[in-house]
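S.K.: So the chains spell out like this:
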Amino acid sequence: MAEFLSLHDAVARFVEDGATVAMEGFTHLIPFAAGHEVIRQGKRDLTLIRMTPDLIYDQLIGAGCARKVIFSWGGNPGVGSLHRLRDAVEQGWPRQIEILEHSHAAMACAFEAGAAGLPLAVLRGYVGSELPSVNDQIRFIDCPFTGERLAAVPSVRPDVTIVHAQKADRAGNVLVEGIVGVQKEAVLAAAKSIVTVEEVVDDLTAEPDYHPNACIIPGWAIAAIAVAEKGALPSYAHGYYPRDNRFYKEWDAIARDRDAFTQWIDENVMNAGGNA
Amino acid sequence: MAEFLSLHDAVARFVEDGATVAMEGFTHLIPFAAGHEVIRQGKRDLTLIRMTPDLIYDQLIGAGCARKVIFSWGGNPGVGSLHRLRDAVEQGWPRQIEILEHSHAAMACAFEAGAAGLPLAVLRGYVGSELPSVNDQIRFIDCPFTGERLAAVPSVRPDVTIVHAQKADRAGNVLVEGIVGVQKEAVLAAAKSIVTVEEVVDDLTAEPDYHPNACIIPGWAIAAIAVAEKGALPSYAHGYYPRDNRFYKEWDAIARDRDAFTQWIDENVMNAGGNA
Amino acid sequence: MSLDYSSAEMMTVTAARALENGMTCFVGIGLPSEAANLARLTHAPDVVLIYESGTLQTRPQVLPLSIGDGELAESALTTVAVQEMFRYWLQGGHIDVGFLGTAQIDRYANLNTTLIGDYREPKVRLPGGGGAPEIATNAGEVFITLKHSRRAFVKDVDFVTTLGFGRDGKGRDGVPNIGKGPTRVITDLCVMKPDPETRELVVVSLHPGVSREDVSDATGWEIRFADELEHTPEPSARELEILRELKERTARAHSGQ
Amino acid sequence: MSLDYSSAEMMTVTAARALENGMTCFVGIGLPSEAANLARLTHAPDVVLIYESGTLQTRPQVLPLSIGDGELAESALTTVAVQEMFRYWLQGGHIDVGFLGTAQIDRYANLNTTLIGDYREPKVRLPGGGGAPEIATNAGEVFITLKHSRRAFVKDVDFVTTLGFGRDGKGRDGVPNIGKGPTRVITDLCVMKPDPETRELVVVSLHPGVSREDVSDATGWEIRFADELEHTPEPSARELEILRELKERTARAHSGQ
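Protein chains in written order, with the working numbering: chain A, 169 to 444; chain L, 169 to 444; chain U, 94 to 350; chain S, 94 to 350.
Don't read these hints as lab results, they were simulated from the structure. There may be inaccurate statements among the hints.
[Unchecked claim] For lysine-lysine, the following DSS-like pairs were computed, each having C-alpha atoms within a straight-line distance of at most 27 Å: (1) S:Lys248 - S:Lys216; (2) L:Lys360 - S:Lys273; (3) A:Lys236 - S:Lys216; (4) U:Lys216 - U:Lys273; (5) U:Lys248 - A:Lys360; (6) A:Lys417 - S:Lys240; (7) S:Lys273 - S:Lys263; (8) U:Lys216 - U:Lys248; (9) U:Lys340 - L:Lys417; (10) S:Lys273 - A:Lys417; (11) U:Lys263 - L:Lys417; (12) A:Lys398 - A:Lys417; (13) S:Lys263 - S:Lys240; (14) U:Lys273 - U:Lys248; (15) U:Lys273 - U:Lys263; (16) S:Lys286 - S:Lys240; (17) L:Lys236 - U:Lys216; (18) L:Lys236 - L:Lys360; (19) S:Lys240 - S:Lys216; (20) S:Lys263 - S:Lys286; (21) S:Lys340 - S:Lys273; (22) S:Lys216 - A:Lys417; (23) U:Lys240 - L:Lys417; (24) U:Lys240 - U:Lys216.
Just chain A, same shape as in the assembly:
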């Protein structure tokens, strides 16, 4: 059953140095508040999994939290590069990081397979791509019925998944709405999960906008819930606040420069209170 904790306590309890962590949210509902808490607590040697690393992993990488990044598209969407990711890969600053890259289709299937408790995902993928030559976790199997050669990738099974969502109720059930990404899959694939939410309501099924097939993750499938209002900014929460596209553009200049980045982290993360 999900425990209600402060964000500080949830991260302190469940994110260990060296852990494999997936922070998901496909453009939408990216758990920035939780990511900042991970930076504040100085977690180290994390293996970070995420389809679209986005600014959140750029910040974690620049702050030195990551040892390895597993991803499928590492850019600032619509803007350009993730300069901290590039600086780490190209120059080893602030440390060398290892990367393992997939396609979106493969990673989405790998999250699905993780949620489904399987060791592998099978897809019609990577045909003619050179990604298999640089990622030894991409293999091929022959279909026992048709003989067709299909790609196989290991399922994603993080130690901890962290996602942001709109609402929890008092029983710890969580509603995700709008672009649901692989949020549910990431939670179910993980050994433990932390969900940050905009607000806590009494009972999700009694809410006026309740829908019988809504994407609701039951409280007994979640380790901890922490309230983090505006916890997805500069990403957004459908029904709560829009994406701060301006900040995404401004990030380009901040992240290009090591000093500007460090100063930004100091001012906006290290010396900011968090929601604890």
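Knowing the structure of chain A, use the given hints to seat chains L, U and S on it.
M.R.: What follows is chains L, U and S alone, placed relative to chain A:
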């Protein structure tokens, strides 16, 4: 783009003798009106796929439409046997039929794989079961990452899928709500699909109970839509009418006896108008 | 003070008591569903009931006739696609207990719901596996409940639809990612558990008024009894009252339509 | 009467015209998204736009900055999980056209969005494959649009992130269940199509005011021209007006936040 047709015309156009047909609906939204139309039109030699054959396939089998049935649980839920299915399997009446049986997990995965365009589904299934000894379509593969032995079944790819749903809109988009079963998977897995609906509304996204993550199948993924009010009875349509549990119980006596069955079909199907 | 109750009620109450509050239970239709809902309405209000129709954490007021009655969806936390139910929730490892019925069961708790006789020329064709084959292997453990009779309790099932411990009791040995399997079988006469070594079912508790001979007569093999044979506690007045109300509500609801 | 327009506008309008009404199009962010939405707002009101964020049949009023802006979900018919998007809608065969941009493209229309230089010691690390590797093989056909330059148009890409026709032009031969691949490349200078035999890209149409030399100078290999070289029609006043309004609405929306 979905064509709006009468149920008669939709069945006449898309269900050919000898076709592989999936009529889905997991207890809920079973397309009885369409099944009756198939019986009325005297379709023959069908391969019928369905997780839970239910009364609809009992009727089709008893009426002589089926050559083969692929299923995972062939009973009258909560009541007992499907006597027409049993009579066909045990006594060959009205004709011998072939059966191929799976577990629910395998069939659900096979529909999912069919929707996903894959030739096979992989699951952790059939461990210790003797079903693989009587179904040569159950095979096993070794995971290339862990070495674990996993079951594989061919995906379901029907020639035609027929499902019932609550609403279509004028553009042919279809809403399925409540117990969604493998309805969407069955439609997407098929070469062609017919969806019968309770009603047609102007625009699903403008309906008062619209939800951003509702189970909506776009019109361009459907071949034909036919209005069939109460088209799921004695099954039910969430939000429209309840399951006729009494009829499910009464069916037991009707179906036990060949003459009683034939009389019932004559009176309630052959000499009933349908929605044409 | 002794209460008046039937052996069927004794079975349901005993099966219900096997479920602990907070457990996640994948519920089979019929007797398991009756027992699981009785548990929820008595000692285990937070037991999480999951039906293969996709209804997650459902709280029906009347027992469903089918595995997918509207009542299940209307009282669920949410309803997911059937493929998701089997993939994410069962195979994904979120089910503590699978609660199953069966037509035939053997001494190693293998279940047959496929057929009596030979597969190609069956004497009686049964409904088939349904969800059971994977519930039995992917749930943490399995409870089984059915009426005791020589027809049902056979030395070797005609067909292993669903693994108990295999035809030799070793069917789970060395298999990765598999649940504990059947940990108890609850009938209208007694409770059985597998022997920790051989996995053969052993009677561990007799229901009130039931003798060893009653059980032996109703079992198709030489059933063993535990050294410390217990006596199953009687149903309480509250359990009986709630069970009877539940069944009455159910009968009313199902005949109304 | 000649209109005043930029080469970027010429590219977008030409790319938009490639989409036919009623097609289902899996849309990449940036130039493809701009072109696809222009098509929807002009000659192809029923073109079905699908973004990998799970937004099915979306009709944004302003261009999304990211592939998952709220605007996309709010104007979609429905929004599905990302894994479903790739499994059911793309791999399931429901996409007529995948519309992609790229950083590098070679003569066989292979795309590189991974890196410049050597994989283990990259000179420039690019964002990576994203959805492209499977869009390019699982969609019925592929349109590619990008600005023409020697940096982008190279004889051989540094890395084949996404299959065009392979390093020898034969990368799709004999592969089952694969789409036709890139059928046209639209730049700010011209339109190219693969040679039906060799699969090498050939210029089939020059934009107004563009010479063969302009294209050759901006291409990193000896680009061939079709025997019957066409002249791309100019943008219409209506196309330009709608495109400019769209871009203005977009700029306003993105700077507001």
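S.K.: Each hint should be assessed against the structure and marked as holding or not.
M.R.: Hints and how they fare:
{"no.": "1", "hint": "S:Lys248 - S:Lys216", "in the structure": "holds, 18 Å"}
{"no.": "2", "hint": "L:Lys360 - S:Lys273", "in the structure": "holds, 23 Å"}
{"no.": "3", "hint": "A:Lys236 - S:Lys216", "in the structure": "holds, 20 Å"}
{"no.": "4", "hint": "U:Lys216 - U:Lys273", "in the structure": "violated, 33 Å"}
{"no.": "5", "hint": "U:Lys248 - A:Lys360", "in the structure": "violated, 43 Å"}
{"no.": "6", "hint": "A:Lys417 - S:Lys240", "in the structure": "holds, 21 Å"}
{"no.": "7", "hint": "S:Lys273 - S:Lys263", "in the structure": "holds, 12 Å"}
{"no.": "8", "hint": "U:Lys216 - U:Lys248", "in the structure": "holds, 18 Å"}
{"no.": "9", "hint": "U:Lys340 - L:Lys417", "in the structure": "holds, 17 Å"}
{"no.": "10", "hint": "S:Lys273 - A:Lys417", "in the structure": "violated, 36 Å"}
{"no.": "11", "hint": "U:Lys263 - L:Lys417", "in the structure": "violated, 41 Å"}
{"no.": "12", "hint": "A:Lys398 - A:Lys417", "in the structure": "holds, 19 Å"}
{"no.": "13", "hint": "S:Lys263 - S:Lys240", "in the structure": "holds, 26 Å"}
{"no.": "14", "hint": "U:Lys273 - U:Lys248", "in the structure": "holds, 21 Å"}
{"no.": "15", "hint": "U:Lys273 - U:Lys263", "in the structure": "holds, 12 Å"}
{"no.": "16", "hint": "S:Lys286 - S:Lys240", "in the structure": "holds, 16 Å"}
{"no.": "17", "hint": "L:Lys236 - U:Lys216", "in the structure": "holds, 20 Å"}
{"no.": "18", "hint": "L:Lys236 - L:Lys360", "in the structure": "holds, 20 Å"}
{"no.": "19", "hint": "S:Lys240 - S:Lys216", "in the structure": "holds, 21 Å"}
{"no.": "20", "hint": "S:Lys263 - S:Lys286", "in the structure": "holds, 16 Å"}
{"no.": "21", "hint": "S:Lys340 - S:Lys273", "in the structure": "violated, 32 Å"}
{"no.": "22", "hint": "S:Lys216 - A:Lys417", "in the structure": "holds, 24 Å"}
{"no.": "23", "hint": "U:Lys240 - L:Lys417", "in the structure": "holds, 21 Å"}
{"no.": "24", "hint": "U:Lys240 - U:Lys216", "in the structure": "holds, 21 Å"}
Comparing the model with each earlier hint shows violations of hints 4, 5, 10, 11 and 21; every other hint is respected.
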